[in-house]
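A.B. asks: Sequence:
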Amino acid sequence: MKRLTNIVVNLILIAIIFSGVLLIFNQPIQEHFISTASGDLLDIDADTIAENIGADVSYNFDDIEELTLTDILSLQSTKSYVPVIAQIAIPSVNIRLPIAKGLSETALATGAGTMKESQQLGEGNYTLASHNLEGTDVLFSPLHRLEIGELIYITDLQDVYTYEVTISEVVEPTAVYVLDDVPNKRLLTLITCAFDGADRLHIQATFKNKTPLDKATPEMLNAFDRLQTHTQWK
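Just so you know, we're using the numbering used here here: the sequence shown kicks off at 558 and counts up by one.
Any given hint could be a false lead.
[Unchecked claim] Only pairs whose alpha carbons sit at most 27 Å apart, straight line, appear in this in silico DSS-like list of lysine-lysine:
#1 Lys673 <-> Lys742
#2 Lys742 <-> Lys765
#3 Lys742 <-> Lys767
#4 Lys673 <-> Lys765
#5 Lys673 <-> Lys767
#6 Lys772 <-> Lys742
Read the hints as simulated data drawn from the structure, not as lab findings.
From a predicted model like this one, the values you see are computed outputs, not experimental measurements.
Modelling step: build the complete structure from the supplied sequences, incorporating the hints.
C.D. replies: Given below as structure tokens:
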């Protein structure tokens, strides 16, 4: 009986220690798994992007829940279902992420997801959403450091679209008007959770220009961490 008691006590101690280790390393674990899965999805070519444009996806933002450690640990097995259609880079806050069509849990856990069906780069109000994990620099977490006038680049591996930040504000979740098209304006809208968890951080940028990939500037190419002008990053 005493031996059984010792075994139970030891198992409890091991569980406590394991839980403590998870708490200590929770943030680095999250960053590692998200960064790895996100980086893998950046390895894509223009042909695959063209195929993914036709993917059947959901745009229901209400289905998106808070990202859990279980979700993050499963990314390596679920990332293959993410229909990547572009990449976004914001050099000033060290963001470079895949853009997926739609708003699936995995899409927003590995990059940014499009919020409206049939939206097109350089036209209307191109809207993207992703998670904000406080205390990390993954996904859209660094957006709170973004300043007015800074540049955002998006590429579909054929052209590079440049936008300039004009608005950075916290809005209520009901402020869906920020997603609407505005007559005679070409905009980019980025949405993520504010640090209070209830409100939303809203970034708006105005379209500046569209540059063919083979004529992209060094600044544009460096933003995507690639110094070549092919339709496939290697």
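A.B. asks: Are the hints correct? Go through all of them and say.
C.D. replies: Hint by hint, here is what the structure shows:
1. Lys673 <-> Lys742: Holds, because 17 Å separates the two Cα atoms, which is no more than 27 Å.
2. Lys742 <-> Lys765: Cα-Cα ~11 Å, so holds.
3. Lys742 <-> Lys767: Holds, at roughly 15 Å.
4. Lys673 <-> Lys765: Measuring from Cα to Cα gives roughly 21 Å; hence the hint holds.
5. Lys673 <-> Lys767: holds, 21 Å
6. Lys772 <-> Lys742: holds, 25 Å
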